[in-house]
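Trainee: Next come the chains, spelled out residue by residue.
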Amino acid sequence: MDVYILSVYFVVPLLGALLLGVLPANAVLQRRVSIALVFPVLLASISFLAAIVLRESTGFLLRERIPVLPSLGIAWHVGIDGLSAALLALSALIQVVAAQVSAPAGRTKLYHVLVQILFLGVHGTFLLLDGMFFYVFWELMLIPMFFLIAIWGGSERKAAAIKFFLYTMAGSVPLLLAMFLLYFSGPATGVMVPVRLQEVIEQGRVGALGEATLYDLPVLAPDAGGVPTPVQSNDLVEGKIPQAYVPVGRSFDILHWKLLAPWWMQTTVFGMALAPLAFVLMFLGFAVKIPSVPLHAWLPHAHVQAPTAISVVLAGILLKLGVYGLLRVVWPVFPNVVLDHATLLGALGALAVVWGGFAALGQADLKRLVAYSSISHMGFCLLGLAAANPQGLSGAAFQCIAHGLSASLLFLVVGVLYDRAHHRRVDGFGGIAQIMPKFSVVFLFAAMLGAGLPGLAGFVGELSTILGAWANPATQWPGLAAASGVVLSAGYLLWTVQRVLYGPVRHPEQRSFPDITSRELAAMAPLMALSLLLGLWPNLLQAALGPVSASLSAHMGWVAGLR
Amino acid sequence: MNVMDFSTLLDLIPRELSSLLPELFLATGILLAMVSEFLPGGTRRGTLWFSALVALCSLALSGIEPVGVLQTGLRFTPDVLTQFVRVYASLGALMAILAIAGSDHWKARQEAGEAAILVLAAALGAMLFASATNLVSVLLSLEFLSLCSYGLAGFRGRDARASEAGLKYVLYGGVASATALFGMSHVFGMTGSLELREIGQILSMGGTDASMLVPLILVGIAFGYKLSLVPFHFWAPDVYQGAPAIAAGFLSTVPKAAGFAGLIHILLNLFPSWSPLLPGSALPTFLALFGTLSTVVGAVAAGMQKDARRLLAFSSVANAGTMLVVLSSWITAEAVAALGFFLLVYLFANFGAFLALDRLERHAGESRLDNFRGAWTRRPATVVALAICLFSLAGLPPLAGFTAKWSLVREVLRSGIDGSLGMVSLVAATAVLGSALSLAWAYLGLVRATAVDDVETSETPSVSILSGAVLAFCSIAVVVLGWGWPVLDLLRLRLAG
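So the sequences go chain by chain: R and U. Reading the first sequence from the start, the letters are residues 1 to 563 in the working numbering. Reading the second sequence from the start, the letters are residues 564 to 1060 in the working numbering.
Hints are computed from structural coordinates only; laboratory data are not their basis. Heads up, a few of these hints could be off.
[Said to hold, decoys possible] Which stretches of chain U does chain R cover? Using the computed rule of at least three CB atoms under 8 Å from a CB of chain R, they are:
id	stretch
1	980-993
2	1045-1059
[Stated by the list, open to error] DSSO-like mimics (lysine-lysine), calculated; alpha carbons at most 27 Å apart, straight line:
id	chain 1	residue 1	chain 2	residue 2
3	R	Lys240	R	Lys163
4	U	Lys869	U	Lys731
5	R	Lys158	U	Lys869
6	U	Lys869	R	Lys163
7	R	Lys109	R	Lys158
Where a beta carbon is used, it is the ideal one built from N, C-alpha and C, also for glycine.
Excised from the complex, chain R in its bound form (with noise of 0.2 Å):
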């Protein structure tokens, strides 16, 4: 049953795209119903997140696994939980600011099919729990991507979108490698792995005869004669077994990688040890996309060239997938290589925040110093999945949202100028204050939300990670460098906004642009107003993220004591 609920995810988007295709190709209707298209997504999205806020649920709200192939080992496998829901909200948020902004010219019913596909596939990447086909929908947006960029971007397009593509594929290799290599290192003939008592508690389902069952596996505990017999749910819950464990074998399944944790800590491949191994080449793919210094060099030439939409969604959700695919696939698979090297990657972290901020402080072009600016705001998610205790995955989390909040109202603003003026310079504007007042309110607040003021989402994000990051001894050093980045980006934000908004207006002829649409508030209000709400009630997210991030804390913490 669950599966047909979560299939909106799929069907919406994939018939949107035959619908537009079909429809006649009038920017104004396209961009109509691409906005319409939105909401059952966001009404679900919304509907899910409130539930598993209201129900505290630390594990998936619904999750469905259908066999595709056994003989190959395929599953259908989707669920939803705490993160993805917030993760989901945010994409349908992004995808109607987007579609609100002007589509650029020509070639409209490309365009929106484009972007349709491109939704799938975030929706697929934040669904998938069986590692092929998160691995299909995760490379489902690069084809679109491509397109986007290629075609509706600035005078360097072509180049910058097939950099975007090498790179990102350049990261994927590495990530299906490892994907086979878990495959193949899993045990041949299944093997019984132990399982922490409170995940089959949070985490289980109670089958037909009243046994549990974790992840669609059978429960099983020692009975008197040492025998493995399946545990009823009851008695878990009674307190009355000691240790239980599950049987598994090989799979391609994200949540069996899970419970292989332990396993993949003694196992090697090919004479050298898995667990190492698998978690570079993983990393390696998932960190191209958040981006992580010093793999970043696609981003900063993919924003400026894409159109003021395209770089919304690029920084307001694709690279957050970067982050989620860390969050669902390594960090619960490998919890002893990322705690052994907390501050190896906690320093990574710290670098991205001072080298992006560093960077951004010396961009002339608007676009490039946001582009930098992402890079340094995502160094604090790094930092905090390096800390690995629930204050540090959780603000990590919350970082994805406040700064898929904050980049996506900074480049909406960047294209406000951009429309009016033609051009990015930041020395070819002055005084904008005077001729656009309300524009200027507007970015002094996205400003203020990049730069991480108290009362707006991004100061909760930033300060969650760094405090994760001190309660860990291993990334306190990591943590503190960080630190150092608030004041950084508080510096490059607010000198942007000295010099674009204040002082005398250095170009008459500017005198004549028109401040800011209503259509243009429109696509901006709903994110400033969401960055002030998690600003001063951060619990309203915290409550979904909360959960979530404990039990893989604590998942990581029990695996790494097993040793």
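Starting from the known structure of chain R, arrange chain U on it as the hints suggest.
Mentor: For chain U alone, kept in the frame of chain R given last:
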């Protein structure tokens, strides 16, 4: 010694013939088509339609005709693999003939009917080759296939480049055949048998020494030429550039399927005890590294091309290497099913790509990337189909190329981890997956020229609905087979039986 008295031979002929029903049907069809060319009232289009009908019937017959039990002592021993090649070759021939009938570049030509007959004959050669289990029948069917291919490759005879293509193909092919014949005569001299199975038995008894390697290497080189594997691939770019695009699409797919089927038959018969239990054998490692070399060199060279057809030629070199890699796993039903599925997807994607070029080239052979700039303004649907085929060739999900590559890499790694191939399989798998980067770079060049660059061009080649329908079929197949797991499973079940 394989001595058969005359009465045994007479007794065997009907049994042998009955097992070759689709081939016999196709041969009859070819003869009738040739006659129809010379009928006083016959038209060229008539021959085309008749040939298409023959291919369609052959497809149906190959699909439903059950493959009998393995019969020993015959020159042709059809099995499930043969049936796969029969279906494959008939389908390829049908698509090629329909495409020729619909192509603008062939419309003015008087020889379209002859081309269709050559396509059918090449398909027949491919089918025979895929069931040959005797050195003589291997060589004869290989020559039959090759001769028809030479004819197809040089079809644009008056064009200098086409003549070069035909001549190069003949010369290279002739040398390859001669090498094979030379090697086979050595084999016969050393073992005294022409039957692959008997030769295999003699080999496994250890009745030969290291000098047996020489003829095997010679035969291997011949296969390397025919399958366009590095370093025997140099003919491919020139031939695909000079041949008519549709012929290039056919020649890069159907003979490849036959070649791999023949290679599997030879390997299985010569090394019946080849299994993971024999870790000492260097052959799997050799096959894996040979395939890896082709994959990498083909992919890198494809990335450097400025001509769409040469690009596709090098990508076919890379793909052939990828297919060879999977043979390095001991030949299980899963591995052969993965190879078969890969070949099937490759047929649609590669033939589709060449067909799209045929529809986009203003004059046949004008295939520099620059010539395709702004093609989407003229032929948006063709450009979409081309992009689908190219992205599938690059192995991007959700297209069939990904499904194929996924199952293939899976078998390669399985033979490394479960079998004895070891680290080599990781190298090969990395090369196969990594080469996708270089291939993607190459294809993106073509996609960018056709689908992104906006250069208004007034000149528009006329195109027909028929070739459009074939192209649509190819691209839809590439999309649908992206969910081709049932097909893969079906192949596996048939091969396991």
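Trainee: Now tell me, hint by hint, if it's right for this structure.
Mentor: Going through the hints against the structure:
Taking a C-beta to C-beta cut-off of 8 Å, the stretch 980-993 of chain U contributes 7 residues in contact with chain R, enough for the three needed, and the coverage statement holds. Taking a C-beta to C-beta cut-off of 8 Å, the stretch 1045-1059 of chain U contributes 5 residues in contact with chain R, enough for the three needed, and the coverage statement holds. Using a Cα cut-off of 27 Å, the hinted pair Lys240 (chain R) and Lys163 (chain R) is violated, with the two alpha carbons roughly 57 Å apart. A threshold of 27 Å between alpha carbons decides the hint, and for Lys869 (chain U) with Lys731 (chain U) the separation of about 21 Å falls inside it, so the pair holds.
For the hint linking Lys158 (chain R) to Lys869 (chain U), the alpha-carbon distance of about 17 Å falls within 27 Å, and the restraint holds. For a cut-off of 27 Å, the pair hint linking Lys869 (chain U) to Lys163 (chain R) stands: about 19 Å separates their Cα positions. Between Lys109 (chain R) and Lys158 (chain R) the CA atoms are separated by roughly 20 Å; this keeps the pair inside 27 Å, and the hint holds.
Checked against the numbered hints given earlier, this structure breaks only hint 3.
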